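Colleague: Model the full assembly from the supplied sequences, consistent with the hints where possible.
Residues per chain, in single letters:
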Amino acid sequence: MSKRIVIDPITRIEGHLRIEAEVENGKVKDAFSSGTMVRLIEEIVKGRDPRDVWAFVGRVCGVCTSIHSLASCRAVEDALDIVIPPNAELVRNIMFGVQYMHDHVVHFYHLHALDWVDVVSALKADPKEAAAIAQRISNYAGNSAGHFSDLQKRLTKFVESGQLGIFANGYWGHPAYKLPPELNLIGVAHYLDALEWQKEIVKVHTVFGGKNPHPNYLVGGMACAINKDDASALNAERLAMVGRLLKEAKTFVNQVYIPDLLAIASYYKDWGAIGGGLGNFLVYGDLGRNGYRDPSSYQFPSGAILGKDLSKVHEVDLRNDEEIREYIHRSWYDYADGPEAGLHPWKGESTLNYTGPKPPYEHLEVEKEYSFLKTPRWKGHAMEVGPLARVLVGYARGREDFKEVVDKTLQHLDVPAEALFSTLGRTAARGLESILVADWTLEFYDELLTNIRNGDERMANMERFNPKEWPQTAQGVGHVEAPRGALGHWIVIEDEKTKNYQMVVPTTWNASPRDPEGKVSAYESSLMDTPVADPEQPVEILRTVHSFDPCMACAVHLYDEDGKQVNRVQVM
Amino acid sequence: MPATQSKRRTYYDELMERGYSRRDFMKFCATMAAYMGLEASGAAQISEALMTHSRVPVIWLHFQECTCCSESFIRSSHPIVADVILDKVSLDYTETLMAASGHAAEAAMHKTMEEHYGEYILCVEGSVSTFGGGEYCCIGGRSSEQILQETAEGAKAILAWGSCACNGCIQAAKPNPTRATPIHKLVKGKPVIKVPGCPPIGEVMAGTLLHIITFGTLPELDRVGRPKAFYSKRVHDSCYRRPYYDAGLFAETFDDENAKKGYCLYKVGCKGPMTYNACGIMRWNNGVSYPIQSGHGCFGCSEENFWDNGPIYRQMASFPGFGIEANADKIGIAAAAATGAGIAAHAIATNIRKRGILSSLQEEGKDAEEKLDNPLT
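So the protein lines, in turn, are chains A and B.
Residue 571, in numbering that gives the first Met the number 0, is where the first sequence stops; the numbers in between run on with no holes.
Residue 376, in numbering that gives the first Met the number 0, is where the second sequence stops; the numbers in between run on with no holes.
Check each hint, because a few of them may be wrong.
What the hints assert, rightly or not - Beta-carbon label-pair distances, calculated as ranges: (1) 535(A) - 132(B): 27 to 35 angstroms; (2) 26(B) - 417(A): 54 to 62 angstroms; (3) 359(A) - 187(B): 42 to 50 angstroms; (4) 149(B) - 474(A): 43 to 51 angstroms; (5) 19(B) - 402(A): 43 to 51 angstroms; (6) 417(A) - 116(B): 47 to 55 angstroms; (7) 296(A) - 149(B): 28 to 36 angstroms.
To be verified - Over 12 angstroms on every C-beta distance to chain A, these chain B residues come out as not near it, computed from the model: (8) 23; (9) 25; (10) 110; (11) 116; (12) 176; (13) 183; (14) 187; (15) 188; (16) 211; (17) 214; (18) 221; (19) 224; (20) 227.
Stated by the list, open to error - Pairs of lysine to aspartate or glutamate, EDC-like flavour, derived with a Cα cap of 20 angstroms: (21) 187(B) - 118(B); (22) 260(B) - 236(A); (23) 152(A) - 16(B); (24) 357(A) - 118(B); (25) 26(B) - 16(B); (26) 110(B) - 159(A); (27) 156(A) - 82(B); (28) 173(B) - 348(A); (29) 177(A) - 269(A); (30) 260(B) - 229(A); (31) 498(A) - 348(A); (32) 498(A) - 333(A); (33) 2(A) - 21(A); (34) 152(A) - 128(A); (35) 173(B) - 42(A); (36) 260(B) - 228(A); (37) 496(A) - 307(B); (38) 357(A) - 144(B); (39) 156(A) - 256(B); (40) 249(A) - 21(A).
Hints were generated in silico from the structure; no laboratory data involved.
In this text, all values refer to a predicted model and were calculated from it rather than measured experimentally.
Note that CB positions come from ideal geometry on N, CA and C, so glycine has one too.
Modeller: Here it is in structure tokens:
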């Protein structure tokens with residue numbers, strides 16, 4: 000007998016995401032992913048000054064903060080052919096690296112870990128044994144028996160208070176939790192350590208962009224002027240602060256995040272065969288050694304992989320009308336040319352047409368339109384974007400740095416390469432690219448110091464900042480390999496104003512509804528065959544959904560095929 | 000140590016158990032009192048409250064938002080505010096951090112609504128979409144407005160986090176296609192404290208929440224409902240670049256010679272003169288910097304409908320200031336001509352004098368440098 004599962008709200012994500020799924024014989028047979036909140040920022044920026052748009056679209060997301068602002072600046076600079084100074088490229092790359100490390104660590108500990116770490120089990124741990132384990136896998140200074148013992152006492156009192164706060168109603172004790180108590184204790188301790196750390200690393204954004212979340216960007220470069228001899232510009236003190244924070248970030252990634260990731264993964268190797276999904280991967284590329292305008296210098300190489308075939312990497316062209324298209328066949332939008340049409344983002348439309356049930360509702364009409372997300376396709380293919388895509392493309396391109404971290408990890412966990420195509424592989428890839436990004440970011444920082452030492456103190460190119468210098472019409476595209484995957488912004492400028500603006504964001508690629516041909520996107524594909532031991536506590540579904548690091552918030556309810564909540568009926 | 004009034008453990012108990020000394024505790028209370036703009040006796044009130052109150056339940060809703068407010072909240076750098084969710088409040092519902100999903104998450108919220116009716120604090124991040132039947136923002140199949148009304152009923156107070164909840168922010172910018180609506184327009188008969196900003200400073204959020212918890216009363220609010228402690232001063236009046244404004248010294252564009260010297264950003268669009276916020280005083284991320292210090296003008300993110308207050312890089316026409324009623328260009332012209340008569344000219348002359356003082360100070364610095372270079376001259 001099949002049951003309809005509805006997950007809404009899915010927590011520990013950004014935004015509002017809802018999953019409805021058919022469960023049969025303890026496995027997901029079909030799944031539907033829905034975004035249930037819309038703001039239409041693309042409509043709001045129409046008619047506005049293109050130089051301001053980075054600030055508007057930055058507010059698409061405060062978790063992957065800075066990423067949309069960067070994409071927007073690049074789109075406008077592309078349209079107006081503005082070349083930014085090397086220092087601005089470097090500062091943007093450093094901020095980008097910081098965003099990666101922050102986002103990935105916060106995702107691992109605060110958004111994803113509770114799917115694998117049983118907080119209540121940590122109460123039973125032997126702190127001395129926990130310290131011994133932690134010290135075997137890392138030389139992190141915070142792994143003392145005293146530290147774990149203090150934490151355990153604190154946690155015990157917290158639980159005894161009866162006020163469980165964010166840990167209330169978790170799926171503690173679920174048979175899917177496999178870690179020994181000591182590893183659970185280590186996980187909880189580092190959850191709190193990471194919470195402390197994350198507010199430090201973002202100070203790099205504050206130095207360059209004045210604040211975090213939502214640091215400031217500037218079309219033409221960056222606003223943080225360099226002046227070795229002024230207290231309020233980038234000087235030796237400011238740069239030293241950045242340098243210290245970047246080194247600390249690298250330490251945290253390598254001494255805490257990665258050892259924990261590997262230790263936890265070693266107990267969940269079965270998840271190396273679950274949640275694989277599409278097998279198609281898309282990367283736009285980013286972090287140019289020689290600047291954004293030179294894709295051949297990207298640390299994250301671009302490319303597409305189809306059908307898990309790593310022997311062939313396809314080239315990707317964001318400007319080609321035939322390659323990237325968005326569909327609305329199963330979304331709550333209208334296109335002028337009808338619901339079957341697919342539009343390249345430069346010609347994109349965002350006209351809402353809600354046809355779903357009137358709230359309050361128990362389930363969506365998934366056989367019709369069911370999401371506020373559009374459905375992007377590359378040459379007609381559904382594609383997965385994100386850390387796994389980036390690591391696979393880097394690997395398939397033959398890059399030694401990618402090969403080294405991937406092969407080492409496969410060997411450490413003693414799993415076959417096929418295990419990469421999975422929920423576990425996706426979660427591991429996020430850690431592996433963090434190792435690389437931590438190194439690259441320090442290299443960009445060294446380059447910035449070298450430039451300044453050599454007398455280059457330019458930070459912005461303001462030659463074409465004045466709209467009077469612009470052509471009457473222009474169009475541009477800016478892309479960023481955001482932490483969650485390939486992000487593109489397309490702008491059309493006319494008479495000094497934004498005529499059209501379209502964003503195709505990573506979660507749109509991954510979480511979108513079906514296309515006109517009925518092909519599923521990455522979330523829906525990955526959830527197929529996911530085991531669900533207890534429909535009341537669908538921790539397995541959360542594991543796979545969270546492995547994508549969704550950037551929209553949702554929740555999951557369980558329904559039977561009559562649309563009644565499972566928790567009110569006897570599960571057969 | 001005073002006896003606790005119930006079996007439920009207090010903040011003080013927790014801190015002592017965590018190895019903080021009583022001295023640490025009193026320092027913390029004094030610092031928070033200073034943050035909240037209280038007299039010295041305020042520290043005693045805080046310490047009394049922290050020693051006798053158990054963790055206050057908090058329900059934190061997420062509507063039309065980008066989660067920057069939650070992110071800012073966890074950036075709060077106060078010595079122990081990073082531990083706020085374990086030690087100070089019982090954060091019983093927040094979609095960003097809570098372990099449970101789906102009906103388990105909603106059950107946690109309903110438990111708090113029932114067991115702590117009239118006691119819990121409702122934090123709202125995001126605006127409510129009132130278009131149609133509320134279909135543009137649904138959680139668990141219910142509209143944001145339905146959820147807001149249900150949870151507001153038993154709340155002791157409502158904190159409107161960030162500009163989204165206070166004025167609709169980005170999604171309420173023209174043409175406001177989803178009819179994004181701020182919280183205070185929908186909730187009746189409950190105090191709504193506005194903590195605007197995109198996002199607000201983390202320590203401002205923590206400080207406001209702590210005020211309510213420790214005193215059981217609302218912080219003093221200004222006429223539009225913002226805590227006076229953090230929103231009673233203009234960014235312009237607390238800006239360290241203010242002397243350059245007064246002296247008529249401005250960056251003409253980004254990265255020019257004057258920008259590199261840290262001159263005033265008024266002419267490149269800074270909205271500090273019309274923005275009420277604590278950025279210039281507290282700064283961001285534990286005092287590291289704030290937008291102006293990092294070279295970009297303030298664009299007024301804590302002000303009502305700031306997205307529609309004109310383009311970011313357009314210079315404000317003119318505004319009332321402390322002793323200055325002229326705009327920057329006029330000051331510049333007057334300074335160049337070195338003329339002046341009457342009251343307005345007095346202000347300008349004052350400022351020209353300030354410019355003189357500034358430049359002579361700079362010259363003094365250079366003189367000192369030369370002496371260092373040539374100790375014998």
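Colleague: Give a verdict on every hint.
Modeller: The hints, checked one at a time:
1. 535(A) - 132(B): 27 to 35 angstroms: At roughly 30 angstroms between Cβ atoms, residue 132(B) and residue 535(A) fall inside 27 to 35 angstroms, so the hint holds.
2. 26(B) - 417(A): 54 to 62 angstroms: Given range 54 to 62 angstroms: holds, Cβ gap about 57 angstroms.
3. 359(A) - 187(B): 42 to 50 angstroms: Violated, at about 21 angstroms.
4. 149(B) - 474(A): 43 to 51 angstroms: The hinted range 43 to 51 angstroms holds for residue 149(B) and residue 474(A), with Cβ atoms some 46 angstroms apart.
5. 19(B) - 402(A): 43 to 51 angstroms: Between residue 19(B) and residue 402(A), where Cβ atoms are some 48 angstroms apart, the hint holds.
6. 417(A) - 116(B): 47 to 55 angstroms: This hint holds: roughly 54 angstroms between Cβ atoms.
7. 296(A) - 149(B): 28 to 36 angstroms: violated (54 angstroms)
8. 23: holds (15 angstroms)
9. 25: Holds: least Cβ distance 21 angstroms, greater than 12 angstroms.
10. 110: It is violated; residue 110(B) is separated from chain A by about 8 angstroms at its closest Cβ, not greater than 12 angstroms.
11. 116: Residue 116(B) is indeed farther than 12 angstroms from all Cβ atoms of chain A, at 16 angstroms.
12. 176: Violated, since 4 angstroms does not exceed 12 angstroms.
13. 183: holds (20 angstroms)
14. 187: Residue 187(B) clear of chain A: closest Cβ-Cβ about 21 angstroms, beyond 12 angstroms.
15. 188: holds (23 angstroms)
16. 211: holds (17 angstroms)
17. 214: holds (21 angstroms)
18. 221: Consistent with the label, residue 221(B) stays out of reach of chain A, its closest Cβ about 22 angstroms off (over 12 angstroms).
19. 224: Non-interface label stands for residue 224(B): nearest chain A Cβ at 22 angstroms, farther than 12 angstroms.
20. 227: Per Cβ check, residue 227(B) is outside 12 angstroms of chain A; nearest 22 angstroms; holds.
21. 187(B) - 118(B): Holds, at about 17 angstroms.
22. 260(B) - 236(A): Given pair residue 260(B), residue 236(A) holds - Cα atoms ~16 angstroms apart, limit 20 angstroms.
23. 152(A) - 16(B): Between residue 152(A) and residue 16(B) the Cα gap is close to 9 angstroms, so the pair holds against 20 angstroms.
24. 357(A) - 118(B): violated (32 angstroms)
25. 26(B) - 16(B): Holds, at about 17 angstroms.
26. 110(B) - 159(A): This hinted pair holds, its Cα atoms lying about 18 angstroms apart.
27. 156(A) - 82(B): holds (14 angstroms)
28. 173(B) - 348(A): Roughly 18 angstroms between the alpha carbons, so the hint for residue 173(B) and residue 348(A) holds.
29. 177(A) - 269(A): With Cα atoms ~11 angstroms apart, residue 177(A) and residue 269(A) stay inside 20 angstroms; holds.
30. 260(B) - 229(A): Holds, because 6 angstroms separates the two Cα atoms, which is no more than 20 angstroms.
31. 498(A) - 348(A): holds (12 angstroms)
32. 498(A) - 333(A): holds (19 angstroms)
33. 2(A) - 21(A): Judged against 20 angstroms, a Cα distance of about 5 angstroms means the pair holds.
34. 152(A) - 128(A): This hinted pair holds, its Cα atoms lying about 16 angstroms apart.
35. 173(B) - 42(A): holds (9 angstroms)
36. 260(B) - 228(A): holds (9 angstroms)
37. 496(A) - 307(B): Holds, at roughly 15 angstroms.
38. 357(A) - 144(B): holds (13 angstroms)
39. 156(A) - 256(B): violated (58 angstroms)
40. 249(A) - 21(A): Distance ~43 angstroms between residue 249(A) and residue 21(A) Cα, so the pair is violated.
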